[in-house]
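Spelled out from the first residue to the last, the chains are:
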Amino acid sequence: QVQLQESGPGLVKPSETLSLSCTVSGGSIRSNYWSWIRQPPGKGLEWIGYMYYSGTTKYNPSLKSRATISVDTSKNQFSLKLSSVTAADTAVYYCARGGDGDIVRFDYWGQGILVTVSS
Amino acid sequence: QSALTQPPSASGSPGQSVTISCTGTSSDVGYYNYVSWYQQHPGKAPKLMIFDVSQRPSGVSDRFSGSKSGNTASLTVSGLQADDEADYYCSSYAGSNNVFGTGTKVTVL
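For the record, the sequence lines run as chains A and B. With the working numbering, the residue at position 117 of the first sequence is 248, and numbering never jumps. With the working numbering, the residue at position 99 of the second sequence is 345, and numbering never jumps.
Hints in this document: simulated from the structure, not taken from any laboratory. Where a beta carbon is used, it is the ideal one built from N, C-alpha and C, also for glycine. Don't take each hint at face value.
What the hints assert, rightly or not - Facing chain A, according to a computed beta carbon distance under 7 Å, are these residues of chain B, among others:
#1 Y280
#2 S282
#3 N344
Model the full assembly from the supplied sequences, consistent with the hints where possible.
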């Protein structure tokens, strides 16, 4: 059974960079695509982007190149960096398996981590 | 890439059926058979209910079914139960991109 767990700071100051990690257990990060998805309080889901362990990445164009997703295969972990954050980036951030390739659907999700952007 | 359009709310009595629509474009829902549906209870992570338009993951009740016609996909929940009350989101692959629906709150009366 694949499990995902997000980790990182719950509070980030405006204009700084949000950094989160997702640790995968019960499966190898060398298989499938892995995505980040967020949900502002009381609002809907937004796909941020995905990565493949080989280094392939794709991002939601709406984020205007602020997002970077990277992988650490030695830790079976992938990470998200979102630069120049504003209050509009306050959201629950989820990591999930899927987004492209053989498994386009998001079939395994982390529990989510609330990140608040505030001074 | 704009969000897929869903009705804000839907409701039904226990035992009845409810159908939720998800309208996209010829670049996402209409082009790819990669529409999925997610159920989200308050404070919880979304749960995959339907994938590839009409496939059910192992463990998901057969009361949940999906279909697609043109640029619109649909999720039907039959035999409504109290635990079906939740937010539902559709999602579609759009060629190296993924887009979610606006979400529908299903209320069991």
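Each hint tested on the structure:
no.: 1; hint: Y280; result: holds (4 Å)
no.: 2; hint: S282; result: holds (4 Å)
no.: 3; hint: N344; result: holds (4 Å)
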